[in-house]
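Trainee: Sequences listed follow chains A and B, in order.
What the first sequence shows, in this note's numbering, is residues 17 to 505, in sequence order.
What the second sequence shows, in this note's numbering, is residues 532 to 953, in sequence order.
If you are wondering where the hints come from, they were derived from the structure by calculation, not from laboratory data.
Check the hints yourself; a few may be wrong.
Which residues of chain B face chain A? A partial, calculated answer using Cβ under 7 Å [stated by the list, open to error]:
{"no.": "1", "residue": "CYS545"}
{"no.": "2", "residue": "GLY560"}
{"no.": "3", "residue": "ALA621"}
{"no.": "4", "residue": "ALA867"}
Derived pair list, reagent style DSSO-like, types lysine-lysine, alpha-carbon separation capped at 30 Å [said to hold, decoys possible]:
{"no.": "5", "chain 1": "A", "residue 1": "LYS330", "chain 2": "A", "residue 2": "LYS68"}
{"no.": "6", "chain 1": "A", "residue 1": "LYS303", "chain 2": "B", "residue 2": "LYS801"}
{"no.": "7", "chain 1": "B", "residue 1": "LYS834", "chain 2": "A", "residue 2": "LYS303"}
{"no.": "8", "chain 1": "B", "residue 1": "LYS864", "chain 2": "A", "residue 2": "LYS130"}
{"no.": "9", "chain 1": "B", "residue 1": "LYS705", "chain 2": "A", "residue 2": "LYS300"}
{"no.": "10", "chain 1": "A", "residue 1": "LYS445", "chain 2": "B", "residue 2": "LYS592"}
{"no.": "11", "chain 1": "A", "residue 1": "LYS444", "chain 2": "B", "residue 2": "LYS705"}
{"no.": "12", "chain 1": "A", "residue 1": "LYS130", "chain 2": "A", "residue 2": "LYS300"}
{"no.": "13", "chain 1": "A", "residue 1": "LYS307", "chain 2": "B", "residue 2": "LYS834"}
{"no.": "14", "chain 1": "A", "residue 1": "LYS407", "chain 2": "B", "residue 2": "LYS864"}
{"no.": "15", "chain 1": "B", "residue 1": "LYS758", "chain 2": "B", "residue 2": "LYS705"}
{"no.": "16", "chain 1": "B", "residue 1": "LYS833", "chain 2": "A", "residue 2": "LYS407"}
Everything numeric in this text was worked out from a predicted model, so none of it was measured.
Note that CB positions come from ideal geometry on N, CA and C, so glycine has one too.
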Amino acid sequence: MALSKDIYAALEDVVGAEYICDDPVIMPSYHATEFAAIVLPENTAQVQAIVKLCNKHRLQIRPVCTGWTGKFPKGVLYLDLRRMNRIVEINEKNMYAVVEPYVITAQLQAELMKRGLHLNVKGAGSNCSAMLRGHGHLDQTTSGDDRNHLAIEWVTPAGDIVRSGSLGSADEWFCGDGPGPSLRSILTSAVPPGVTPGVFTKAAMKIYHWPGPTRFPIEGTSPNYYLSEIPPNFMARYFSFPSVEKMWQAELKIGESEIAFELMGFNVAMVAANITTSNEEEEKTFKRLSKEVQGPGFFIILAGNSAADFEYKKRVLHHIVNEAGGESLASLEDPRTEGVLLCQCIRISASIRETFRPGGAFSSIPVMGQRDLTIKWAIGAGKAKEPLIEKGLIVDDGGAFFGWGVEQGHLGKTEIFCKFDPQNPVAKKAVEDWHGEQSARAFKERYFALLAGQNEEIGRGLSNYHLWWNKIQKELDPNRVSPEGGTLV
Amino acid sequence: MGLEQYKGDMEMCCRCSACKFVPMQRVAGFKFANVCPSISRYNFHSYSGGGRLNIGSAMLKNGFNYTPRLLDIVYNCQMCGACGVSCNYAMDMEVMEPLYEFRIKCVEDGKTHPALDKVITGLRKHGSMVPAKGKRGDWATGLDLKDATREKVDVLYHVGCLTSYDRNLQKLAKATAKILQKAGVDFGIAGDAETSSGGRAYQMGYKEDSLNQARKNMALIRQAGVKTVVTASAEAYHAFKVLYDKFNLKGSLKVLHISEYIDQLFKDGKLKPRKKVDLTVTYHDPCHLGRLGEPWIHWQGKKIPGDRFVFDPPKVYRRGTQGVYEAPRNVLKSIAGIRLTEMTRIREYAWCCGAGGGVSESNPEFAQWTARERIAEAESTGADAMVTACPWCEKTFSEAIEATGSHLKVYDIVELVEQAIE
């Protein structure tokens, strides 16, 4: 799918010879697609020039940050945003940070912690772009999804530069909705296609108060990092409950009382993944922890703003947990393990150990909505995993799901994984079937699940939004240079 | 088996980009978060550890297509191992071993780099990885050192090619000999008969040349009755300790880096750093002493069929955990007057000096670019000097400092010990 010499030369004029490549040998390092070329723009002006060239030559384009996942049509121009890696501004007074796409969350978070601030770390991990839309461990207190995007600089699929919200009217980043054009529903589309056409070149992200240290006191050598001490007024615990209902009731009350810095409804398989440094150790730990818990549970981090605040939060927590019959998982109270979990969940957002390490791949169904209802759906999806576990096609996690409260629990997210070996075609097919069946069930039972490629079906269920979306898309992208596809991380 | 034996490992790469950065918990800010010089300089994902594995995996399936770009990717890598450490924080998979095998395959297929071919031609002729000007043992003239080729010695001081031949670095050999003499160690050198450890040749992909060197060195060691090899070259240390063991050539030979040896001599009271050295320093961990210097782990087994990438018997990965990090720091802390201030990227996630993998020969500009990045990091600590424990690091940093006009001085650890024991 090589570019013509003229188009290649035109792109080369924009980015320079060093930053474009169409040699097929490099393509597998990106994704299993024959890209027309890879280009590495340095700034918004170059992005705009590239998009305009794509319009001129009817060439499809797909921008990517760190590029963990993504689906790409053959022949698309891959816009690798790696060179756009500046923190433009950290505005401590107005609590936002403006970043370019290739600033990773770990970088921004480290800078923020020095200033007594932090941000929502997406579930994909702190190795991914700080400007990602998505959910993560800190949703309880930082919210998630599009709520953390303020003003955005956007190169539309037609090659126009649009500055949303206050950026458009006052050259200020503090608000995404006004004064000025609010394009929230277009820019942060949470329903399929789930990807904004065009390219985000800068985004202001909401930032939050951080009551912890300017940096964690990490000791040890990789992968055995630990904290020399638990930071003052911090505590991490895992509580298990006699039933799902009891667990959810406790989760809800914790949200109402606003005491949790993080509340993550981990299953013990995920806890085991996070505190271990190899697959073998993880399997053993999972079996051990499974015997120690009384039922489903959650992981919680308390972070006090003062010693008094911390004591108050602990008292409230113990009251709520006791009332629901919860029990702390004693082996995780060991300060060394507690410290590992604190870092894994705040700095790293867990992620790789609990998803890719076992078999190399995982399949996920995330469902947004009220937690007690979505948990019911997830129990069914977990039961549907059991035959796959018995056949050895997916990793044994006890058929568990996980989830967490968003915005102190008035919203919630429930999710379920299948971890498997993608080189095993039987396992791959079984997981795909499971994913399709359980996603369809979520949709039929009126839960909000992502269903890639089923826009029409979803659209009919959502006031025919897909028809409106197609009309908007046609206006924004008259030459259809921005292909639809799955969520990009 | 070559690259094929790592097919499963390469397929495990989930393209998470962790290999580009220091381990996430160690990211201390916007600056100095990168860990891989190659992706940092060349930007295309193909130049990252993961990108290389993705390409290797694809080529095993679809055949090897040696375009100029592929060879550019292959040879513009210092083989520093940082990608592997960051990956192996979370993942169970080999990273460095397939990268070595990829290079070896390139060499076997005749897809070499002309500058590296030239180096290897010199190795085959003179047993040296640097131009052999004069005699290898000239630096020892007048020092009255034992000749290990003529008399039995317990300890062999292996000097290394660069230190032996580079007039600016011969001071390191003299300092090391002086330290060992002062401590009363019964040691010898091989002098003109010394030959390259073969470690650097292995990094470049010339496996057979490397193994030839290993066999020559081990023959000399057996003949001299040597029980311990001491070296101040991190690359030689890695070769004797790790590579020779990997290929079952090391036997019971004990291998120590000079910093480990001095640390022990200090602890045993056999060497006393009495003189104050008034200097604020920052320590640079050489890749082949630090993360790559951990022992080789012998393992043979099979993947257990099923959902997980696990083996019978369980595979223990070399994740950089057991590298040599404390000994050089202990030595520096033992010298009165020295104030050690650490850089952001240290120990297992240290940034490379730029010289590894033959890059200083195949792409000197890239080696210098990498060194300058490290110089900037060292300067940010406020130190007067950078201390390292490998002649290749000292050479590369010295050149970068000269080019940039940095105020920093560069010392090998033996130079400071020499000052302290005078």
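Trainee: All hints, please: hold or fail.
Mentor: Quick rundown of the hints versus the structure:
| no. | hint | verdict |
| --- | --- | --- |
| 1 | CYS545 | holds, 4 Å |
| 2 | GLY560 | holds, 5 Å |
| 3 | ALA621 | holds, 4 Å |
| 4 | ALA867 | violated, 26 Å |
| 5 | LYS330(A) - LYS68(A) | violated, 57 Å |
| 6 | LYS303(A) - LYS801(B) | violated, 51 Å |
| 7 | LYS834(B) - LYS303(A) | holds, 21 Å |
| 8 | LYS864(B) - LYS130(A) | holds, 29 Å |
| 9 | LYS705(B) - LYS300(A) | violated, 53 Å |
| 10 | LYS445(A) - LYS592(B) | holds, 21 Å |
| 11 | LYS444(A) - LYS705(B) | violated, 62 Å |
| 12 | LYS130(A) - LYS300(A) | violated, 38 Å |
| 13 | LYS307(A) - LYS834(B) | holds, 28 Å |
| 14 | LYS407(A) - LYS864(B) | violated, 57 Å |
| 15 | LYS758(B) - LYS705(B) | holds, 22 Å |
| 16 | LYS833(B) - LYS407(A) | holds, 20 Å |
Taken one by one, the earlier hints fail for this structure at numbers 4, 5, 6, 9, 11, 12, 14, listed in ascending order.
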